[in-house]
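Assemble chain V onto chain U, guided by the hints.
Residue numbers (my numbering), protein chains in the order written: chain U, 1 to 333; chain V, 1001 to 1322.
If you're looking for bench data, these hints aren't it; they were derived computationally from the structure.
All clues given are correct.
Heads up, incomplete: computed chain V residues facing chain U, CB under 10 Å, no partners named:
#1 ASP1029
#2 GLU1032
#3 SER1042
#4 LEU1045
#5 GLU1060
#6 TYR1121
#7 ALA1126
#8 VAL1130
#9 VAL1147
#10 TYR1149
#11 THR1155
#12 MET1274
#13 TYR1293
#14 LEU1299
#15 ASN1311
C-beta: ideal position from N, C-alpha, C; glycine also.
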Amino acid sequence: MAPPPTVPAPDAGLAGVRSPAQLVAATAPSSQGARRAVDRGFLVLCLALTALAVVILAVLLVSVWRDGHERLGAEFLTNYASRKPAEAGVKAALWGSVWVCAICALTALPIGVGTALWLEEFARPSRLTSFIKLNISNLAGVPSIVYGILGLTAFARLFGSVSADAPIAIGDPEGVLYLKLPFGNGVLAGGLTLMLVVLPIVIVSSQEALRAVPRSLRAGALALGATQWQATLSITLPAALPMVMTGAILAVSRAIGEAAPILVLGVPLFIRSVPQNLMSDFTVLPLQIYNWANRPGEAFHELAAAAIIVLLAVLLTFNAVAVVIRQRLRTTS
Amino acid sequence: MTAATVTSAARAAAAASRRGAPRSAVARDRRERAVRAALFGSALLSVATTATIIAILASETIRFFGMPGVSVTDFLFGTTWAPLLGADKHFGIWPLLCGTFLVTAIAAAFALPVGLVAAIYLSEYARPRVRAAVKPALEVLAGIPTVVYGYFALTVITPFLHDHVSERFGTFNALGAGLAVGIMILPIVASLSEDALRAVPRSLRDAAYALGSTRFDVSVRVVVPAALSGIMASWLLAVTRAIGETMIVALAAGGMAAMTLSPTAEVQTMTAYMVQIFLGDAPATGVEYRSSYAVATVLFVVTLGLTLVGNLVLRRFREEYD
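Same shape as in the complex, but just chain U (with noise of 0.2 Å):
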């Protein structure tokens, strides 16, 4: 493009409001023509990229569909993985993937949200919350994998204070409420590591939706003579409770697909069982995918790609159930 005429425009980009003088100089006009075609040009490359992004997720989800429908059956999902490939099936991976995402939920709910609460309706500005939010922010961006070796030390090892070997059981290991310390690669230690992965997803989430709430609620309740807490929980987390639950589902979801964490925690790569209790073996479906597709042959790929449709579905019933969730409670409440 042409240089400006006349006024230097000295950090325009990142000065404050700018002046006229410097608009002007910014949207420098070289010829009518020539801008129209720049304009017309830019204006196709938007629209090319843009579709290249539709068009690469049609590829995907087509290929993906071809290589992996002719395996999709009744008995794909009710058999277990299997050497012999037209054997095998998802079962222990599917119910794997249930176990591990419900503890997951049913932990990094209440603790995400009460860490909102606490930043959006408890603290005080200080160092210590500005430290609070900082790290929140921070262990957004920790890959995944690394929580895989937290939880691994944290929970499956519990720091190596009990020693694997000689655990410490309570209950009959067949039955619902077998516990022993430390956890293992069993499915508790499991989702509580998906819980650290996207508890910071749930946390920032729920802070959005506490703030979208407009003050005057809560004033109104605290004037009434309501508890800090008793306006939290009567009128602040109703009203947000539409946005909470979408960011949780949001969060879960991408509990689903994680494959890395799991992985770290050395989980067996072949299962032919279903969870019994807190402590059974599991894998999961995106693990159950790496394994198929890591393979060499036709028939494995076949099988990781029919696997990835039940994620997928599964992925998709669940956003759908949040959908829905979220129409409940918007018109409720």
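Using the frame of chain U, we list chain V on its own:
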């Protein structure tokens, strides 16, 4: 709004007092304090998480450097990464850094410009109807698990590169993995940049139009500079995600740590090495196993640094228009 606000507040306050709020002020205070403590406790958990991550990584890394045949200088400056070769082990981090850099650079070269242009289109050009169709597509892309992109790289992108670009692309290559990572971070760039662009006040656009600007002038020379801090923050966040991405590179980039910048080459990233170790049979006390903690420390420091820079950029270069 105000009337509804007051009635709903009154209704809820009445409900609260009916719902068994303790009558005595003492009991009320006690409950208030208990709740406060519980909420503060959950807030502290996030600090404890960071502290524990740092403690684990630091102590394991120190133990790794204390093992025979390992030295800090070799690790930080060495250019050979051969942890699994019998007697002649080498732990120089640079090949892994190089692999990570190559994959991230490819992803960024694809996703940062494309994402920004898509954001400009959505924010400045698209009609509401088009926007309503494209935004969900981007959200779907953002919600797809990364292992799916790994499969996509392995079964679609790489065969395409091999058949239509160059025979030199093998089953595992940096370009295929990098493009898949780029597709993964594209929606992050697009949606966060779009938020930043839309936050620029109308009056700036109106002023520029009034001075005779075309839509291109307004978008690229007025709105984009005004939203620069948000755009840069979205870029940094996307790059951070690309560096930490694990499953795509574990599936599609290969397992050969090499000092190369060739897009056709098989490379190993820091995350892919960690997958190799944690999935493999390396004994938990062995030097290879411990080395993965040292790699994790480098990964953590790099991503933390980028996140901090991102926060700084957002705060330092933010333009206030209110």
